[in-house]
Amino acid sequence: MSFYKQYQRFKDFDYASFFNRLTDQDIRRIINKNRLSELDYLALLSPRAEKCLEEMAQKAHRLTIQHFGRVILLYTPLYLADYCINSCVYCGFRVQNKFARKKLSLDELESEARVIAGTGLKHILILTGESRKHSPVSYIKECVEILKKYFTSIGIEIYPLEEAEYAELVFAGVDGLTIYQEVYDEQVYSEVHPAGPKRDYRFRLDAPERACRAGIRSVNVGALLGLYDWRTEAFFTGLHANYLQNSYPDVEVSISPPRMRPYPGGAAPRVMVNDKNLVQYMLAFRLFVPRGGISISTRERPELREYLIKLGTTRMSAGSCTAVGGRSGADKSTGQFEISDERDVATMARVIYSHGYQPVYKDWQTI
Amino acid sequence: MSDPLIIGGQKLFSRLFLGTGKFPNNKMIPEAVTASGAQVVTIALRRVDPEFPEENIVNFVPKGCILMPNTSGARNAREAVRIARMARAAGCGNWVKIEVIADNRYLLPDNYETIKATEELAADGFVVLPYVSPDLMVARKLAEVGAAAVMPLGAPIGSNRGLQTRELIRILIEEISLPVIVDAGIGRPSQAAEAMEMGAAAVLVNTAIATAGDPVAMARAFGRAVEAGRAAFLAGPGEVQRYARASSPLTGFLRDED
Chain A
1 MSFYKQYQRF
11 KDFDYASFFN
21 RLTDQDIRRI
31 INKNRLSELD
41 YLALLSPRAE
51 KCLEEMAQKA
61 HRLTIQHFGR
71 VILLYTPLYL
81 ADYCINSCVY
91 CGFRVQNKFA
101 RKKLSLDELE
111 SEARVIAGTG
121 LKHILILTGE
131 SRKHSPVSYI
141 KECVEILKKY
151 FTSIGIEIYP
161 LEEAEYAELV
171 FAGVDGLTIY
181 QEVYDEQVYS
191 EVHPAGPKRD
201 YRFRLDAPER
211 ACRAGIRSVN
221 VGALLGLYDW
231 RTEAFFTGLH
241 ANYLQNSYPD
251 VEVSISPPRM
261 RPYPGGAAPR
271 VMVNDKNLVQ
281 YMLAFRLFVP
291 RGGISISTRE
301 RPELREYLIK
311 LGTTRMSAGS
321 CTAVGGRSGA
331 DKSTGQFEIS
341 DERDVATMAR
351 VIYSHGYQPV
361 YKDWQTI
Chain B
1 MSDPLIIGGQ
11 KLFSRLFLGT
21 GKFPNNKMIP
31 EAVTASGAQV
41 VTIALRRVDP
51 EFPEENIVNF
61 VPKGCILMPN
71 TSGARNAREA
81 VRIARMARAA
91 GCGNWVKIEV
101 IADNRYLLPD
111 NYETIKATEE
121 LAADGFVVLP
131 YVSPDLMVAR
141 KLAEVGAAAV
151 MPLGAPIGSN
161 RGLQTRELIR
171 ILIEEISLPV
181 IVDAGIGRPS
191 QAAEAMEMGA
201 AAVLVNTAIA
211 TAGDPVAMAR
221 AFGRAVEAGR
231 AAFLAGPGEV
241 QRYARASSPL
251 TGFLRDED
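Each protein sequence line maps, in turn, to chains A and B.
If you use the numbering used here, the first sequence corresponds to residues 1 to 367, in order.
If you use the numbering used here, the second sequence corresponds to residues 1 to 258, in order.
Derived from the structure by calculation, the hints contain no laboratory data.
There could be a bad hint or two in this list.
Claimed, not checked - Each computed SDA-like pair below joins lysine to any residue, with the alpha-carbon atoms no more than 20 Å apart:
1. 149(A) <-> 90(B)
2. 149(A) <-> 53(B)
3. 59(A) <-> 39(A)
4. 116(B) <-> 250(A)
5. 310(A) <-> 26(B)
6. 27(B) <-> 217(B)
7. 27(B) <-> 120(A)
8. 5(A) <-> 202(A)
9. 148(A) <-> 51(B)
10. 33(A) <-> 159(B)
11. 149(A) <-> 111(A)
12. 149(A) <-> 82(B)
13. 116(B) <-> 159(B)
14. 148(A) <-> 52(B)
15. 310(A) <-> 53(B)
16. 148(A) <-> 82(B)
17. 310(A) <-> 213(B)
18. 149(A) <-> 173(A)
19. 59(A) <-> 106(B)
20. 59(A) <-> 213(B)
What the hints assert, rightly or not - Sample of chain B residues lacking proximity to chain A, with all beta carbon distances greater than 12 Å (derived):
21. 13
22. 31
23. 37
24. 62
25. 111
26. 166
27. 199
28. 216
29. 236
Backbone N, C-alpha and C define an ideal beta-carbon position, used for all residues, glycine too.
Could you put together the complete structure from these sequences and hints?
Put into C-alpha cells, the structure is as follows:
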C-alpha cells in the first residue's frame, strides 16, 4: 500500500470548480456532521468556509477537549548535526550554504541533554540534516542510548530511512517519527528540491508508512506552508494523516502546519499563508480527524500560539533552538531557521496554565 | 447500612472510581477526589514522573486512596504486562487496570490481548481489573484467569454517550460473579446512577468530570449519583409496567377455600 495512490486520485482534481460550487449551507451541514468525508474536509478548507470559522472553532474546541482534555504536551527539538547534502531552496542547512557545519559529539550531546532535562521536559525530538556520512543511523542510535537516560519519549526528525532501519531505531528506543513531505504537489516538490537524495518524492512520501510497519508509536506529517497553495497542501496532509490512521489504527497520528520562516540568506515563501489560513487549516483538520494530534512549534509568534491553544492544538514545542549545540552554549552553530517564540519552558508552562490548560511534560514511558 | 464492595481483599465504601487524565490542572485532582468521595483513583503510568515532583500526577492523589495504575498506551498484552510491572516497581501498588488499545479512532479495547495480559498479571500477584468491550464469553474467561473485576465500556472512551451497551452489560451483571464496573462512556451523573440501578458494582468516570466546566462540582455530583443509584438498586426498584394496574383484577373473584 502507499499513500501515493490516494495522492493520484486527487492530483488532477478540479479544486477551483469544487470550491465555486460550495454554498454556505453546504459548509454548515458539514460542520454539523459526525464523520466527515474527504471532500467534506476539502470543503472546510475552501474560501467559502472562511465565513464559518467561528462555528468551526466552537466545534473544534469541543472535540479537542473531549478527546484530549485541557492539556498541552510539551516537547523540544534537539539538533544533533547540520551536515546536509540536499539543496532544498527553503532551508538554511542546504549544501550550498557555506558555514561551519557541526555534529555533536556524544559528550556534547550529554551536556545538551542535561540542560534540557533540567527544564523538566521528558519528550525530545532529535533532528539532523541528511548526511548518511556524518550522521548515519548508527550515530543516531548512539545518541538515543544517551538520551534514554534523560527522556522518556524520543522522536526523530531525520532523513527518510528504510523499514529495517526504522525497526532498528524503534528497538533502540525511538517511539515517534516526524517527517514532513514539505510539499505534496509533485511538480513543485521537484522544483524546490533541485538536487540530492531528497529529490526522491516517493521514498519520502512512504517513509511514515515504513515507520508504522516497523512498529513506531506515533507519526507526525506535514507540509511546509508557503511552498504552494495552502488549501490543497493542507488537504493532502489531512488525507495522508487519515490514510495512516486507517491503515495503522494502533499508531498515534498527528500533523504539524509549519509556516516558512526566514533563515540567513534564504528565499522568500512562494505563497503567503496568513494567520486566518493557518487557523482554518487547523480547525478543518480537527473536524476531519477528531483524534489527530496538532503540533504548533515556536515558528509561530507568542501571542498567536496562545490563541491556538483553544483551537485544536495538542502539542507545543518550547525552549527551542534550531542550532547544533545551542543549549549548552559552547560552540553554537548557525540555526536552520529563526524561531519566533523564544520563551523558555517554565514560562510556556505558566502561560498554558494561565489559559486554563495543563502543560504536560511526560506522556509516554519507554517500555 | 454497610454495603462495602470488596476487591482484592480491600473494602471499598465508595463505588465511584476516578480517572485523572484531561484535568486543566492537577491541583484539581485531590479536590475532585475529596468532593466525589472516591477511594480508587486510576493514573496512567505514562504520566508518572518521579523526577518532577511538582508535576508528578501521583503526588496529586490523596493519601489513603487506592492507586490503580492503568496501562494506557499498551498496544498488546506484552506491553501491558511490562507497563504493569513498571508501575509496581515504581511503588504504585499491585492494582492494575489493563487497557490494551490498538485502535486510535474509537479507542476500543482488544479483548483477546486483554485476557492474555490478565492471566499473566493475575498469576504474578496483581489485582487485575481489565477494561473490555462487554462480551459474556470474554468476561467468563477473565474470571477464569483470575481477574478481580470486569470493566466493560458503556460507550467509547470520552464519548459521554452513556450506557450504549446496556443490554450486554446487563447480561454480564446477571451472569458473572465478579464485580462489574462500568468504565468509559459515562457522561452524566444520571447515567452513572442508571448503571448502579442496574446492579453494576461501581463505575469509573474521568472525561465527564475532568472536562466539565467545574470539575470539582461535577465530581461531587457524580459521587451522589452513584450513591443514589446504589441505594435504589438495594431498595429493589419497582417493576416497570407498560400499563396502569387494573383496578378491577381479572382474578378478584377467586377466594381461598376453607
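Verification of the hints:
| no. | hint | verdict |
| --- | --- | --- |
| 1 | 149(A) <-> 90(B) | holds, 16 Å |
| 2 | 149(A) <-> 53(B) | holds, 18 Å |
| 3 | 59(A) <-> 39(A) | holds, 18 Å |
| 4 | 116(B) <-> 250(A) | holds, 18 Å |
| 5 | 310(A) <-> 26(B) | holds, 19 Å |
| 6 | 27(B) <-> 217(B) | holds, 14 Å |
| 7 | 27(B) <-> 120(A) | holds, 18 Å |
| 8 | 5(A) <-> 202(A) | holds, 11 Å |
| 9 | 148(A) <-> 51(B) | holds, 14 Å |
| 10 | 33(A) <-> 159(B) | holds, 15 Å |
| 11 | 149(A) <-> 111(A) | holds, 12 Å |
| 12 | 149(A) <-> 82(B) | holds, 18 Å |
| 13 | 116(B) <-> 159(B) | violated, 27 Å |
| 14 | 148(A) <-> 52(B) | holds, 16 Å |
| 15 | 310(A) <-> 53(B) | violated, 27 Å |
| 16 | 148(A) <-> 82(B) | holds, 17 Å |
| 17 | 310(A) <-> 213(B) | holds, 15 Å |
| 18 | 149(A) <-> 173(A) | holds, 11 Å |
| 19 | 59(A) <-> 106(B) | holds, 18 Å |
| 20 | 59(A) <-> 213(B) | holds, 16 Å |
| 21 | 13 | holds, 28 Å |
| 22 | 31 | holds, 14 Å |
| 23 | 37 | holds, 22 Å |
| 24 | 62 | holds, 18 Å |
| 25 | 111 | holds, 15 Å |
| 26 | 166 | holds, 21 Å |
| 27 | 199 | holds, 29 Å |
| 28 | 216 | holds, 14 Å |
| 29 | 236 | holds, 36 Å |
When held up to the earlier numbered hints, the structure conflicts with 13 and 15 and fits the remainder.
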